[in-house]
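Student: These are the residues of each chain, in order.
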Amino acid sequence: MSTLDAHAGHHEEGSYLSGPPGIFSRVWQWMTTVDHKKIGVMYLFAVLFMFFVGGLAALFVRYELLDPIRDQIVQTVDANGDLVTTTTTTGESLKELFGGLTSDLTGTQIYNRTFTLHGAVMVFMFIVPSIPASLGNFFLPIMVGAKDVAFPRLNLLSWYVYVFGCIFGILSILMGGVDTGWTFYTPYSTTTDADHWRVVLMVAAAFVLGFSSILTGLNFVVTVHKLRAPGMGWFDMPLFIWAVYATSIIQVLATPVIGITLLLLIFERLMNIGIFDPAMGGDPVLYQHFFWFYSHPVVYVMILPAMGIMSELLAIHARKHIFGYRAIAFSSLGIAGVSFLVWGHHIFTAMGELAAILFSGLTFLVAIPTAIKVFNWIATLYKGSIVLNTPMCYALMFLFTFSIGGLTGLPLATLATDLHLHDSYYVVAHFHYVMMGGTVIAFMGGIHHWWPKMFGKMYNEPGALIGMALVFIGFNVTFFTQFFLGTQGMPRRYANYVDEFQTLHQISTYGSWILGLGFLVHLAVFIHSFFAGEKAPANPWGGLTLEWECESPPIEHNFHHEPIVKHGPYDFETTVPPHWDPADYPIHPDAGKGRH
Amino acid sequence: MSTMTDTNPIDVPQSILQSPKHWRNRVAGHHWRTGDEEFDAAKLGMWLFLTTEVLLFAGIFCGYAVFRMMYPEAWANGSHYLDWRFGAANTAVLLLSSWTAANAVRCAQLDKQFWLRVNIVVTVVCAALFIGIKFWFEYRVKLGQGKAPGTFFSYPFAHDPHEPLWWSLYYVGTGIHALHVVIGAVLFLVVLYYAKRYQAYGPTQYTLVENAALYWHLVDLVWIFLFPLLYLIH
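Chains as they are written, first to last, in the numbering used here: chain A, 35 to 630; chain B, 995 to 1228.
Take the hints with a grain of salt, since some may be wrong.
Stated by the list, open to error - Taking lysine-lysine and the DSBU-like style, the derived pairs with C-alpha atoms no more than 30 Å apart in a straight line are:
1. 260(A) to 1037(B)
2. 1128(B) to 1015(B)
3. 1136(B) to 260(A)
4. 181(A) to 1037(B)
5. 181(A) to 260(A)
6. 1015(B) to 181(A)
What the hints assert, rightly or not - Derived list of chain B stretches under chain A, where covered just means 3 residues or more per stretch with a C-beta under 8 Å from a C-beta of chain A:
7. 1015-1025
8. 1035-1042
Source of the hints: derived by calculation from the structure; they are not laboratory data.
Treat the numbers as computed from the prediction; the structure is a model and nothing was measured.
Don't be surprised by glycine CBs; every beta carbon is placed ideally from N, CA and C.
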């Protein structure tokens, strides 16, 4: 804590968390704040709440599949010698669970609504805004050495638009839910539930959330261009910034297309304009092209910031200069570029052979920049001083699960194997290994990594490690089984299945309980840290990026003086980290030599 | 117009000159080093936003292209129902307003407060003219004849079964464009209010005028594409 004390008393500014006394003025202060840190924290809580809602829906889906809905037809001969057929339905577990709430729906209808709820909430309300809007909002301006994002009021607007969109979505759920799947494929989405508003509400929610996404992305691009601190060139930026920058470009360029698509879908439902309606000469496949032109790039909106977090976690917790800085930075942009050319692989069966071959080839291209990153991360670990704390364990877990997710994508990009695997549990397992085993895992690692900085409290390391282990086991048990289910022919989105699949489904469901338990442990650790956590030092991990020069938690304007960047973000071998305390971590014996 | 300023600062009431919103008194946001940097950032943000607008309309143009390829007859017939004179009049109106919007920026840069307001008023009047022509002479008449989108289509003399689709794209495309015209006009009315009330825009502070004009040029540009694609293809 040596250098911090020198600053104490230098400025009267308090931590960004301090505010006026009185609960109402406090709430008002947060609701009207334009401080990127507060908005980041508000986003963090909002997306974690949506993660909880979506996760609950996922547990319900798995619960139903434990003992699926089956119709048992029994034929008997009665006293008169007539054949009597009786049908008994078993396994309507969701119907029993929700009781009278859903009395007018059959068990399968509830199941369809539950998985749509899971998909729509997780994609639009959790995973798209998750890392950029929460950790990005908090740390992007600090890491480039700015006092705030370029447009602070727009930033607050983006949060309100997000909340507004979530309210639309939740209203739709409360009105009975939607069973279209999160992709809203036409013509089903334009004809189902025709006399009701809930599909329109859910689509409108996705439309509104798109605005929030655009505003955040636009803000970040301008911030990175215009607000970097003196001395910070493009290649002095932390790799997290590169990743969020690439993400923001995708958000700005892809989201308007889903905007117009969903708008057309709403018009289609309300005014029957017929553009996607085959009965009027419209083209439902056009909807799928439009939808995936956004929704494929958005997959990289979900994963790129996670990759950025990975670069930070691995370098800092292995105390090692990142291997291949420029390769990682450019591969972020490369992924962003290629992401716009591969949407067709979601609709291989709805296009001509030549187009399918082209899209298949382009899809393989994605593997190149992604593999460059993974190899560079592993090379970073080589001969590093690896500390097996929670952030590092999550980073290692990412390398394991994300690699499985990435490699299992290749058979899906191959036309011949995709014909067998598409629309099966193999696809479900693949994208959960990428999205959950990639994004969510990196997000968890990032939250632990930056938790002391955000809230000024340390978390309980053994507790978090237990949570991490449960998540690792639960995740793999839940989803690895689904690869087998998929290759054996289990189609996705079905409420029931043939008896042969039951064992694997049951293992998967038990895994989901372990996974849920893991997240509950994390929740407990976070709550414990809030109320009883040790006070965090300014630089608990020995990081060199600018956020570790701030206090924990940062003051309202982030820095006491405008920072001037004199060393690279990963120069651990040559730099004494800011606020270095020997008790926190040892430093490299050569650190500081050759620099002054 | 001469390049000299047309407002004599002596004639301006002290209440306006000393208002923190007057252009001479405006300061950059706390997180900016200079006002210039803030201006550059706002402009970059606006250009990015315009990119998103282009991509929004790209969806409509893409749908147009697909259906024109699938149903060329319906498109040729549909275009016959549109009167190029209304389209041309609206094109002229928008081009004129784009010129006055650009002039407004120039006037702000030169501190010509009166002409700044005149140019904005002309721009807004043009916007109103555009909407008037669009709704009164085009939408109202066509809807009255049953040339409505999708299932609302009831025009009895259609030559091609896919003409409802043509009208769908016509109404969606021009309707979303018209919405943008209205938004642009509202933006200019806001600029007009601040210009009149506080003289908020001058040589060192004209971000909002510039960005409103950029937005307006985009609205104009989209129409420049919509006009030939809808009115002039037969």
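Student: Does each hint hold? Answer for all of them.
Tutor: Outcome of the hint check:
no.	hint	verdict
1	260(A) to 1037(B)	holds (11 Å)
2	1128(B) to 1015(B)	violated (37 Å)
3	1136(B) to 260(A)	violated (49 Å)
4	181(A) to 1037(B)	holds (20 Å)
5	181(A) to 260(A)	holds (12 Å)
6	1015(B) to 181(A)	holds (23 Å)
7	1015-1025	holds (count 3)
8	1035-1042	holds (count 5)
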